[in-house]
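2 protein chains.
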Amino acid sequence: MQISKGVEWAAHAAALLNGLPPGRGLKAEALARYHGVPAPYMAKQLQALSKAGVTQTSRGAHGGYRLAKPAEEITLWDITAAVDGPGPAFRCTEIRQNGPCGLKPEDCKRPCQIAAAFASAERAFRDSLAAVSLADLAGQVVKDSEPDHLLAMMNWLNAEADPLSEKSA
Amino acid sequence: MQISKGVEWAAHAAALLNGLPPGRGLKAEALARYHGVPAPYMAKQLQALSKAGVTQTSRGAHGGYRLAKPAEEITLWDITAAVDGPGPAFRCTEIRQNGPCGLKPEDCKRPCQIAAAFASAERAFRDSLAAVSLADLAGQVVKDSEPDHLLAMMNWLNAEADPLSEKSA
DNA sequence: TCTTATTCAGATAATAAATATCCGAATAAG
DNA sequence: CTTATTCGGATATTTATTATCTGAATAAGA
Numbered sequence: 784m785q786i787s788k789g790v791e792w793a794a795h796a797a798a799l800l801n802g803l804p805p806g807r808g809l810k811a812e813a814l815a816r817y818h819g820v821p822a823p824y825m826a827k828q829l830q831a832l833s834k835a836g837v838t839q840t841s842r843g844a845h846g847g848y849r850l851a852k853p854a855e856e857i858t859l860w861d862i863t864a865a866v867d868g869p870g871p872a873f874r875c876t877e878i879r880q881n882g883p884c885g886l887k888p889e890d891c892k893r894p895c896q897i898a899a900a901f902a903s904a905e906r907a908f909r910d911s912l913a914a915v916s917l918a919d920l921a922g923q924v925v926k927d928s929e930p931d932h933l934l935a936m937m938n939w940l941n942a943e944a945d946p947l948s949e950k951s952a
Numbered sequence: 784m785q786i787s788k789g790v791e792w793a794a795h796a797a798a799l800l801n802g803l804p805p806g807r808g809l810k811a812e813a814l815a816r817y818h819g820v821p822a823p824y825m826a827k828q829l830q831a832l833s834k835a836g837v838t839q840t841s842r843g844a845h846g847g848y849r850l851a852k853p854a855e856e857i858t859l860w861d862i863t864a865a866v867d868g869p870g871p872a873f874r875c876t877e878i879r880q881n882g883p884c885g886l887k888p889e890d891c892k893r894p895c896q897i898a899a900a901f902a903s904a905e906r907a908f909r910d911s912l913a914a915v916s917l918a919d920l921a922g923q924v925v926k927d928s929e930p931d932h933l934l935a936m937m938n939w940l941n942a943e944a945d946p947l948s949e950k951s952a
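Just so you know, the protein sequences line up as chains Z and C, in that order.
Under this note's numbering, the residues of the first sequence are numbered 784 to 952, in order.
Under this note's numbering, the residues of the second sequence are numbered 784 to 952, in order.
It is possible that some hints are incorrect.
Remember, identical chains collapse to one label, so a pair may be satisfied in a single copy or spanning two.
In silico PhoX-like cross-links for lysine-lysine, where the CA-CA straight-line distance does not exceed 25 angstroms [unchecked claim]: (1) LYS827 with LYS926; (2) LYS892 with LYS827; (3) LYS788 with LYS892; (4) LYS834 with LYS788; (5) LYS788 with LYS827; (6) LYS852 with LYS788; (7) LYS852 with LYS926; (8) LYS887 with LYS788; (9) LYS827 with LYS852; (10) LYS834 with LYS852; (11) LYS892 with LYS852; (12) LYS926 with LYS892; (13) LYS887 with LYS926.
Simulated from the structure, these hints should not be mistaken for laboratory data.
Can you build the whole structure from these sequences, using the hints too?
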C-alpha cells in the first residue's frame, strides 16, 4: 500500500503553477528543473493532470501548463485521483464465493463486511484530501516561509513564466 | 495506490479463526482451502499475522493457527498493518529542498504542507479501520447470513478444527 | 529415547506495477 | 512555407507484489 511518487511531484507542481501571474504558463522542463526531478517523468504527471482537467496546456512555441480552474476548486484529492487513478485501493475479489462453504452469487448482492469497512476508510481518506485546496496550501506557505524565500520564488517565476498562447487542450 | 490482495485474504482468514471453538486451531492449508486460494501464499499472510502478534501458531503434528487475543481487541487496521506494513503510504521526498529555490535543511524542521495533508488523510483512514474489530464483523455476518450457510460453516469448522497443542510461537 | 509424519518459517522464482526515457505529432513564430 | 519548440503517447528499465519451493521445528507413536 503506497502512493506513487508522481502524486507528490504533481502536487508540488500544481502548487507552483498557482503562484504564476495570471495569463502566463510554465513548460514541463521548467517545472522539473525547479523541483530538481527528471523532466520526462515530471512531464508524464503533468500530462495526467491535463487529462483530468486540472491543468490546461498549450503546445508549440511558448507552450506550457497553467491551472485550468481557480485554486479554490482544485483539491489534493483531484491531483491524487488524476495521477494514481480514482479507483478504490482495496479491491474485493469475492473470495466468500469460493471454497466448500462458498456463497452463491445471488446471496452476494450486498458487499461483504470487510470490503464495506475498507470502502468506508477510503472514503474518510478521500474526504480528508478533498478538504485541502491549492488555495489553502498557498495561504499556509505564505504564512510559514521566510520572506527572502518567497522573493526568490517570485523572481524565478517572473524569469521563467512565459505569456501563454490562448488555445487550450 | 493499492492495498495488496494479501490483506483481503488475511482479514477473511482472521474472521474465520474467530469462529473456532475455544482451544482449537486451523492449519494454513485448511484456511486456504476454505477460501479457495493458493495455500503457500495464504501461509505467507498468516506468517505475517503471527509476527505481528495477531495470531498464535503451533508447529508440528496438530499444529495450526488461532487468534492470539480476544476478537474485540483485533481490528482491521491491525491486520492491514501486519500484512502491508504500518508505514505511511505517502512518503515525502523533500523535493522542496531541491532546485534553484530549494530550502535549506534547517528551514525544513516542520513537514511540508502537502506531506502534512496526506499524513492527516492517512490518519483518518487508519482510525476508520481501527474502529472495526473482528467481533464487530462477526456480529454483522451472523445477522446478515442465511441460517443454512451458518450451519454449513459450523459443520466445516468442527470437521477441520483440531485441538491445538499449548506451545505458542 | 529415537524415528517419523506433520506443520510452520524463511528463502527463492515469476509476474505485475511503478519509474524513467525516448520519439513522433502539433502548434506558433519567423 | 519553413523551422524551432513543446506536448502527447508509446517504449525500456527498475522495483514491488504475487506465487512457490525447500529446510527447520515440533509433537506423536514405536
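Here is how each hint holds up against the structure:
1. LYS827 with LYS926: Close neither inside one copy (31 angstroms) nor across copies (49 angstroms); limit 25 angstroms.
2. LYS892 with LYS827: neither (39 angstroms within a copy, 31 angstroms between copies)
3. LYS788 with LYS892: Close across copies (21 angstroms), not inside one copy (37 angstroms); limit 25 angstroms.
4. LYS834 with LYS788: Classified as within: same-chain Cα gap 18 angstroms, cross-chain 29 angstroms, threshold 25 angstroms.
5. LYS788 with LYS827: Within one copy only: 12 angstroms inside, 28 angstroms across.
6. LYS852 with LYS788: within (24 angstroms within a copy, 37 angstroms between copies)
7. LYS852 with LYS926: within (23 angstroms within a copy, 48 angstroms between copies)
8. LYS887 with LYS788: between (41 angstroms within a copy, 22 angstroms between copies)
9. LYS827 with LYS852: Answer is within; shortest intra-copy Cα gap is 20 angstroms, inter-copy 47 angstroms.
10. LYS834 with LYS852: Answer is within; shortest intra-copy Cα gap is 14 angstroms, inter-copy 49 angstroms.
11. LYS892 with LYS852: neither (40 angstroms within a copy, 32 angstroms between copies)
12. LYS926 with LYS892: between (51 angstroms within a copy, 15 angstroms between copies)
13. LYS887 with LYS926: between (58 angstroms within a copy, 17 angstroms between copies)
Hint compliance for this structure: hints 1, 2 and 11 are not met, and every other hint is.
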